[in-house]
Each structure stands twice: as C-alpha cells, then as structure tokens.
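Given the sequences, and given the hints that come with them, work out the whole structure.
Chains A, B, C and D are the protein sequences, given in the same order.
The opening position of the first sequence corresponds to residue 1 in our numbering, with each subsequent residue numbered one higher.
The opening position of the second sequence corresponds to residue 1 in our numbering, with each subsequent residue numbered one higher.
The opening position of the third sequence corresponds to residue 1 in our numbering, with each subsequent residue numbered one higher.
The opening position of the fourth sequence corresponds to residue 1 in our numbering, with each subsequent residue numbered one higher.
Keep in mind that the hints are not guaranteed to be accurate.
To be verified - Below, simulated DSS-like cross-link-like pairs (lysine-lysine); rule was C-alpha separation at most 27 Å, straight line:
(1) B:Lys503 - B:Lys19
(2) C:Lys236 - D:Lys82
(3) B:Lys85 - C:Lys427
Rather than coming from a laboratory, the hints here were simulated on the basis of the structure.
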Amino acid sequence: MTDKITLNMITCRTIKQGVGMEAGKTSQKYFDACSIIEMHADDFKKLGIWKNTNVRVTSSVGSVIVKAVETRQDLYPGLCHIPMGPWANRIVPAYTYSTGEPCFKGFPVNVEVAMNEPIMSAVNVVKDACGLLRK
Amino acid sequence: MAEYLIKNGHVFDPVQHIKGDRKDIAVKDGKIVETSALSPAAKQIDVKGKSVMAGAMEIHAHVAGPKVNLGRWYRPEDKLFDSHKTPGMTRIEGGKSIPTVFKTGYEYARMGYTFAMEAAMPPLYARHVHEEIHDTPIIDEAALPVFGNNWFMLEYLKNHEIENNAAYVAWTLNQTKGYGIKIVNPGGTEAWAWGLNCLSVNDPVPYFDITPAEIITGLIETNEYLGLPHSIHIHGNNLGNPGCYQTTLDTLKLAEGFKAKNNFGRKQVMHQTHLQFHSYGGDNWGNFESKAKEVMDYVNKQDNLTIDTGNVTLDETTTMTADGPFEHHLGGLNHLKWANVDVELETAAGVVPYIYSPDIKVCAIQWAIGLELALYAKDPMRCFITTDHPNAGPFTRYPRVIKWLMSKKARDERLNTFKHADKVIAATTLAEIDREITLYELAAMTRAGPAASLGLGKDYGGLKPGMNADIAIYNINPDKMPSDPEEIEKAFSGVAYLFKDGKICVKDGTVVDNGNKRTFWVDVKVKANKQVAHDVREKFLKYYSINEANYSVPDSYAPHPYVIAVDATQ
Amino acid sequence: MPKVVTDVTCPFCGTLCDDLEVTVSDDNKKILSVRNACAIGAEKFNHTSLPGRVTRPRMRQPDGTFKEITYDEAIDWTANMLVKSKKTLMYGWASTSCQAMSVGHEIAEKVGGVVDNCATVCHGSSLIAIQDVGIPSCTLGEVKNRADRVVFWGCNPAHAHPRHMSRYSIFPRGFFTVKGHKGRKIYCVDCRYTDTARCADEFIQVQQGHDYELLNAFRTAARGEALPDVIGGVPKEKIYQVVEELKGGRFGVIFFGMGLTHTLGRNHNIDIAISFTRDMNDLMKFSIIAMRGHWNVTGSGQVLSWQYGFPYAVDLSRRSKARYQTGETTSVDLLVRNEVEACFNIATDPGAHFPIDSVISMSKKPTVTVDPHINMSTEISDIHIPVAMVGVETGGCAYRMDNVPIETRKVVDAPDGMLTDVELLTKINTRVDQLMGAQ
Amino acid sequence: MKTVTLTVKQAPDLYLECENITPDTFAGKKADEIAQLPAYQGKEDTTLGEYFTIAGEAGATAAETQIILKGDCSKMKYIGIKMTAGEVIVNSSTDMYTGGWMKGGKLVVKGDVHSFCGLGMEGGEFLIEGNAGNYLGASYRGDWRGMQGGIIRVKGNVGSDVCTFMNGGELIVEGNADVHIATHAEGGRIVIKGDVNRRVGGQMVKGEVIVFGKIGLMMPGFKFIKDVDLEVDGTKARFAEYIGDLGERHPTRKGEPVYGKIFLKK
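Structure, rendered in structure tokens:
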C-alpha cells in the first residue's frame, strides 16, 4: 500500500463517451462517462482505495482530478484508462514523433488519492488550463 | 453568345475529308455554322500558318474515381516539388503521374482536348466518380461502369438471358449516370476475390460456372440489343504477360460475326483498349518481344473492331486498373507499394507505382510496341492514341507520343540511344517502319475516330457546320513542317486557341475561361422487367452493404448533363 | 400526421449505417423517434431537440461571457481574421458534407490556410502507412459475403462502431458465408479484454505498446522462421497456432483502430500490419480495413486528395502550391510550434480532443469555431458560429470507412434562420473576395 | 572560394522558408542580388534581405561558394536544400529540412537540427554538432527512396525514424537514438555509438546497423549468427552479428538470400 502509484495510461473511446458526446459536451452524461479513470483491481489495492474515489492523475504535461472506477473491460495491473475527452487530454503529451499523432496511448502517469478534491466540469478543465477560468 | 470567324487556318477534318486546305471556320451559339450565318459583329481571328482541328477526344483514361484518388493520396511523393499555380483564374495544380482534378482539366484543355472518358467506374463508387468529374474544369467527361465481373451479369449470361442482362445494364447506366459497357479481365477479377485469376478466354470463373468468352459475347449481344452509342469497351484477360497476344487474338475473334445495331452511326461492336499491354510475344521476360504486327494484321482486316494504343512514355508513373490480379502480380515484381480494393458484387481495383526506365529492355520494347500499333494501323478511324493514363504514362505526354509518331527521326533517336538498343531493335520491328503519321491521320486518331466509336460522330470530332464548336488550333504549319521534331512536341503542348462550346477557354497555352463542362451519360429505356427488379431488390437486401435507395447518383452530381436517350423498348 | 423518413444515413461513425428510419412531426420541426440506430446514433438525432441549443453566433466578451451577434457580424469578423493572418489552421471538416469542404478549400487557397481534418489525431498514422506500403483492402460487403477469418486488432467496435459487427464483420450471413458467425473464426488482439474481445473466439492480450513486435513475430512465423519464446507478452506457440489457423481460411480480414494508430510506432504499427496482410495474399485472400472514426473524415480526405493530392494536413499557406508533411503541417505540431497565427475550426472539437498544450496555444490565437453545438472549442474561441446539423437538418455526400460514398439526408428543418455549412462558407468566401479585392 | 555571410537581423513571427539559401542559388550573385532572393512566411512573400544582413559575395559557381550564417536560425527551414556543391556553415540551430535532398558539398550546423533533415540525401557531407530530430536521412512521405548516398555525422543524439527507407550512404551518430532505426532499409550503413531505444531494423531488407551501446529490445525477426571483429569509425571491437528482418522479403544473390544486418558491440 502506497499513496502514489505509477501506471501506463491509455485513452480510448467508450460507448458511454460517445453517447455523452452526442448528448452534449456540457451534459451530465458526458461528465459521468469521461471524468473517470479505469484501473485494475490490484492497483486499487495498491493505492488502498475503494472504487469511486477521486484521484489526482499527473503526467509530464499536467494533472487532473478524476474518479477511479473498475471496468468490465479488464486491464492488466499497471495499465489504466481514461476515456477520450477533456479530462484525458489535460494530461496527454502533445509530442507526435513528427507524425502529427500525439501520445494518446502509452504514457506514464502518477495516480494519487485526492479524496476530497472536486472534479472540474469539462469546460472548466479546458478553461482552467488556458487561463480563461475566472476564479 | 459571341460569334467568331476563324480565318486562314489549315483545316484538318476527316469528317469532311479536308486535308489541310486553307478554310475559314465560323462559330455561333456554341456551334459551327456556315460563314454566311455570321452577323457582322462576329469577332475575326486570323490563324494563318496554324492548323485547325476539332477538339480532341480522350477515349480511355483513368482521371476520376476511387482508384485514381487512392493513387493520388497514397503517392504524396508524386506531388513533391510539383505543385504550382499559374497566375490568373486557375486553381493550384499538382501531380506528375496522377494530376489533381484541376490540373487534369487544365492540361487536357491546353493540349486541345475537350472530352475525356473515365475508363472504369465501379457502380458502387459512381457517386465518387461524378464528384470528381464535377470538380474537373473545362473538359466534358463521361464514365464507363465496369460489368465484366458483376454478379448479376454472371448469373444472367450463364443462362444466356440477354434480355434480363440488358435490363440490368440499362438500370445500372441509369443509376450510375454511366456511358456504356466496360469489361476488365472478364471473370478474372471475380476470381481474384478468392486470390485467383482467369488467364485465358476459356478459364472457368470460380463458382459462377461461366467462361470469359461467354461473358464477352454475351455483353456484345447485350450492347447491340440495347443499341448503345459506344461498343463494348474491353481490357481482356492475361494483360501484360509475355505471350499474351494469343489471348488477345482469341478475345478479338469473339467479335467475328457480330454487327453493330444502333442509331448513332457506330460501325464497330468491340473496342479493345490499351492494345500495347496485350501485344506481347515470348514466354518469359528474357525472350519478351513485340507481336504488334500480328495483332494489327488481324485488327486491320476486321472492320468491326476499334482499338487504342496505350503508349508507354518512359516515365515514372502509377499503374491502376480493375484488373486486380495483375496489380498484385506487378507489386510482386517491383516490390513497390501495392494497393487493392475489392468491390462487393461488382469489381476490384489495384494500384502500383511503376518506373518505365529507358535502361530496362522490357520497358523499351513496350515503348516500341505502342508506336508500332499506331504505325501499322491501316484505318486511322479505328486506331486511337492513348497512354491508358496513367498506366503506360501520364496523358500530359501526348505531345511527345505525337512527336514520335510524326517523326521517324525523333523515334529513331530514342530507339538507338536505349541502353539495350540492339536487343530492343531485335525484339521489335519499329526500326524498319518509315511511316510518319500525318496531321490528317492524327485528326482521325484523336478526333473523328474516337467520336465515331463513342457514337458522338454527329456532333463531335469534326468541324462540319451544325457540329459542336469544340476547336483546337495549333502553332504548326503543314506547309512548313518543322525539321526539328521538338517543335512538334512544343506545338501540341499548348494550343494557340481552344474553343469549347464556342467559347475561348485557352489562348496561347494559357487557360482564360473555365468553360461550361458537361457530364455525358446514357439514359436507356427498356421494357419493364419484373425478374430484374426482383433480383436487384434481393441482392441489395441480402448482399450489398448499402440500401438500394442510396445507390443511385442524384442529378445534383451532374448539374450540366448531356443525356443521350436510347429507346430499347422496341 | 407524423411521417417516416427511410434509408437515412447515420452521421456518427465511419460505419455510416444507411438503414435508419426516422419519424418526424408533420411540420418537419421535431424528431419523434429513430429506428435501427445504435445508442450513439439515436442520441445524435435526439440532440436536435435538446433544450438550450444555440441558434445564433456568439462572441466572447472581455469578461469571458458570450454575447449574441448576427451572422453578418460573425462572417465579417471571420473573413477579416482569415485575410489578416499570414497562416491559418483550418481544422475539422469530418462532420460536414463534401460540398461544404469544397467551398472551404476555395477559401483556404485564397487566404493561405492549412486544411487539416480529424485524421490528424485519429487515423493519420494509417494514411502515412498506406503511403509507405500501400494497402490490400475491400469494401465491407466483401467481408460480409466472403470473410471466414476476421481479426480485430487494437479496435473496439462494440464501443466505437456499435453496429459494425452485426452489419458486416461477425454476425451477418452473406453470399458465400451462409453460416454467418458460425462460419467465421474471430480473433481479437488488444491490451484490454474489451467487449469486442468478448465476441471473439480467440483473444490475444498484447502488452501495451508491443504491437509492432507482435506483428513482426506474426510475419516471421508466417515465413516459418524461429521466434523468441515470448513476444509482447504472447507465447510463441500461440503465434504459430494463430498464423496457421489464419492460413487455413479462404478470405481473411484485419480491422484495426486507434490501438495501433495511437501507440508507440504510430504508422509503423499499421505499416507492418499491412505488410503481414500483403504476405498472406501470396497464400490466400486477405484484406485490411481501418476503422475510421468520424462519419465523414474519409470524405474530407477524398476531397482534399482529388483537389490537392493529399488526404489531410494540406498546407496551402504559400497560395501558389499545396504541400504536405505530417509532423510539420499537422494541427497539433502547428499549434505546439506556434506556426499559425489564427485558427478556424469547423465540424469537430479540437478543444476536447487535442492534447492540452495545443489547446492552450489555440486559445491564445484569434479563433473561430463553427459547430451546431456548444463544445470545448467554442468556449475558448472568440466567435462561435452555430450551423444546421449535416446529416440531420441538411444533406450532402459522405464517405464510409471503406471509401464508399453515401448520401446523408435531411430529416428535419434546422431552427429558423440557421445557416448550413455550405451557406455560411459561401458567405465567408464572398466576404473574403470583397476584402482581398479592396487590398 | 568566396564567402557570403548572412547575419539574422530579425526573427520571423512564425518560421521562415529559406530554400534559396544554398550555394547553387547564390552562385554568381552579389550581396544585393542575394538580398533580393525570395523567402516566405506563410502567405507573406518576403526577401532574404528582410531577415538577414548580407555581406560578401558568392563565387561564380556553387563549388566556389561558401555561405556562413550567423545569429539564431532555429526558425529557418530548408537551409542548404538540394545543394550540389560548395559549403554552408550555420553557427546556430536550424529548423526542418536542413540539407534535404542534398547532392554534394559540405553542410555544417553548429547547433541542433529539427526533423526531416538530410531527407532523401544523395551525396555530400552533412555535419550536425548538436542533436538531430526525427526522420534524419529518411525518405519523404510515401517515397521509397530515402538516403541514397553521402555521409551524415551527428555529435549528439537523434530522434525516431532515422533513415527510414535508406538505400545507401552512411549515418554516424555519436550519441543515442530513439525508436525505429533503418525501417524498410534496403542498403546503407548506420553507426550508433550510444544506445538505441527499440525497433532497430524493422522490415529491413538489406543494409547494416552497428550499435556500440544497448538495444532496449531486439526485434523478434532478428537472429543471432556469430561474433565478428570489426573496425568501425576508428574503433576495433567484437560485435554480435544478427540477420533479419526474417519477417520481410529478401533478395537473393547467387541463390543465397541477402539479409539486413545488426552488429551489436559486446
């Protein structure tokens, strides 16, 4: 048990993310579908948290608060997933290896418990990063 | 609309048998008229010392559609340092072997062409073909849907149901806004769907239990039953292999005994395309040789055939054909990037870049064969010049091909400087041919001939009063033919004037007007046919991946149509 | 009296299902129900009638709020931005019609834009790979009628292309595949046990980021050469077994997705998958198909290609030539390198789907976003211009993932006074002409 | 040999396209003529004179022309592109396409170069004293003709996709390399003194890659053959010889298949 683990992050489509997107980027459906991180049960144990706990996910480019959940689409220990969207892209490195394609899948992140930290709305995640959020 | 009097030019018009006499051509309301019909307001253009011909007609080129576009985008290197824009009204142009739609329209026009036939339209992709045709400036275009491997056709012709097959062809021409019946590697492309092929006219087609020969004759019968403006347009089996000329003769012989039945003045029942690729002797690349003479001897005595040449231009180019198995074979030879698309129930297509190097014996022999075909042709009204663009070379090389055909000096210079000149000369007969194509013969091979073969002879391909005013005027003087062959190439690279529908679209080789391009298609009426209607419904329900209602090409895709109505109900 | 519109094409994913039935109110204003669509497609049609839809352009104010402006004001501001900027990123195009793209390209050619589409962050890698080694492929109907070996590699149609498996790839019965699913052997290669993997006969779990090595092993095994014991977490015995089973078929097909395009190696992963497919064609028939995402991203590639010769990332900034180099003229690189002065987004949402550094760069530049709905991009733009939804409120041509062109249909009217993409772009084009004529 | 010196006077807002900074274009021109040569920034058509102060003059031919660039050229593209002879010396870093399609002469960059440098290089000598980005000595997208000839030497590290579709010539990297080295190579020679991340020689048909340091993970398509003693760039050492890519097609010479080779220092 530790307060911080390093995992390999992938960001992918999910059907909920698709439905949420079409329902509207500001909709609750979209928020519920995308502001999450899926991890393997072992990694929950490592972090010593129950599912549906907020965590801070930090990569080389930034960090974001999302809710840790279990998934029926099993990952292996050490692999984690945030559905594609503003929360995921808050931490996706923009480096493209000169192909135009950023590092959406396969970059290291630190995950730490952030029990009481709130998850930002989709718009605020982006505005906050762009310095457009009026606090 | 403006009137013009084109004065003092040397006119070459096989339609009126005018062989370079000084004659004035009058243009009014988009048509050629008697000079007496002009009002005093007519603009006068003096073209003294220039040659005047009808707009040239491209009978076989791959200029629009899915495989052409795949060739474009999967070859960015074809545009590297070859993208440019000439100031004025034109759009950015690019592409050496597969020009963009803008460059395609402009280049044809600059060379004096006013019509191009897209040689292979997969019906399922017809909408795409028409989107590109729509975006191609100036020139009129049409497209030939491919039928030679189509499941409906295979099933109807297996039982020799000509009437049903005709009803299906009519339905498809209507759905796809197509022009006529194209056949590519009959049966072989369906076999390719299983990775197989049909290399002779008698190889059975897997599962469908029919032979290429039955497909070809069945489609000739269908074509004449309907009385379409164009004959069947065929790329036969066994293309591009040493010894393939035998298969070619077998294919051509299938037309024996058939007579053309149509109201468009068309006399032939079969057009054999890019004959160069089908005129090879030998049984391996080592003893590969020309059989152009043998093939043309047969073509010359069979007057129900037309052919086009498919001249190799010795460039780096991109091969593309509905002959899927051939492209797979070619990719295996040169190891360059191979693309293939099999199209459900209908056809396939392959694309592979290819470099025709003057230093490679086989390429040089192919170059010679293409020229031999035209030079052996007794009737220039039945032999048309193409490069099977972009397969044997880009169409932008027509001026060079014309130079080689019109000047023995030019082609001997080329022939004798090949790396393997001796071997090439030994494997061909080109060195022995003295014939030089005349401007009059050229007008037949590039204007009047193709027009007649396409059933457009009434309005296109000539300069007779009443015909459409598509006119190309070249800086070449028959009284003072240039001694330097390069001058010929130069003259045909950029027209002095191009009139399209009576409008000046190109002047001194520069595009000055985007014209009003039109889409030609054939609308055939047939008796209502319950059987075919049922078969269509069933195949869409069970086997197609799109709904029948989403198959047809809406009129909005051909906003300026030139519809040829055919009534086959009698 | 409500009416039913049939044969409607779904404007969501590259599967482009064209069998939807939409019931609309007799005044053509409201969608009452949608049949045959997947959950996502249905949601898209329902979205038209969601409350709070923006129907007029909005301009961001200094205090961060948005103020409604007229279409004419928005068009004038946009045209001025385009004419002034030395180099403008014109990104998106994947959710509009080919007709609209053509008008957009005309503008780009005049103002010196770089036209890029969603392939840039989706299947761009696949396009690069095809440019390097070609692609043996086929239409989806061929798969339905002939395929007896189907491989899903790094793709998850169960989530991203929900009706793909039932319409084309796993369950349908075709001409030579009368047994449907029973006649096919289905493989899934992924780093996760996805819902697609659940539908497969064989799941091969590859270690994330080792697809290139695994495919290299597949090719090596197919040539009967020796392999190390384990590759990318997969034992060599498994690899030999699968390769032999594939060879046992008559018609194989590989579907691949962002599991290959997004991971280490990008284009190389697809390149080697294509090379494996090419190898297999010496033994049997084998095809490979990219699971394209946006419903008309393929169309944008087609139109750009016939007009300029490149499928995306087309740099027209010189105005005299079209150029293309992924890694240079691709959106994310242009933004991160600050190589453009302004951004024009249309019919997609970079704000939500680009990595944050490029979004930040965009937010610092004059930016206009054209989209039917509020999204992350509209919220960081100076101007948001709402338009009618293509495929729902207006029609136009679209291209399926296998490049088959299909017409999308108009099923309901857009809210009163809203412009379509074509109308809007045409007006911007006219305004650009006026401004440039004045120069 | 005559010398032209260009000193940066203002940095471009974006990036400046300098395809005219080559001995071939400069040859026979005086400073004021060179100042008039076009340069481009987006749709802005400008001149070299706008961005550089130009001193000296060019020789009569490219071979007799030396170009020295002073000031920060890290936002300048295409320097030395297609040069056939002469010399270009850049005292700073440069951006993309530096030395692209170079045919001859000598090009020296004292700083780093960005991606796509030495693309499709056919001949000449290209020295990079700093680091190089991705696609060094590779082919242009879609082209199967990568580096054909000449020599590139990098004192620092290189990025990914080095020498993709290489057919000839030599690349020497004194530092480390990232992923995908010599992919699709059909000839040529690559020497890497440092470590390589992964994916060396994937889909390689012919050619040589010599690695002094470590290879993160060997491609499964490569097979160990034997140990050999080699002298590489002045160093004698023992190397493990691997052949591959055994998953790829290979030509045959006298009935024997020809493979790509990796030599890994022991």
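These are the hints, each one checked on the structure:
For a cut-off of 27 Å, the pair hint linking Lys503 (chain B) to Lys19 (chain B) stands: about 25 Å separates their Cα positions. Only pairs whose Cα atoms come within 27 Å are accepted, and Lys236 (chain C) paired with Lys82 (chain D) is rejected, the gap being roughly 47 Å. For the hint pairing Lys85 (chain B) with Lys427 (chain C), the CA-to-CA distance comes to about 25 Å; that is within 27 Å, so the pair holds.
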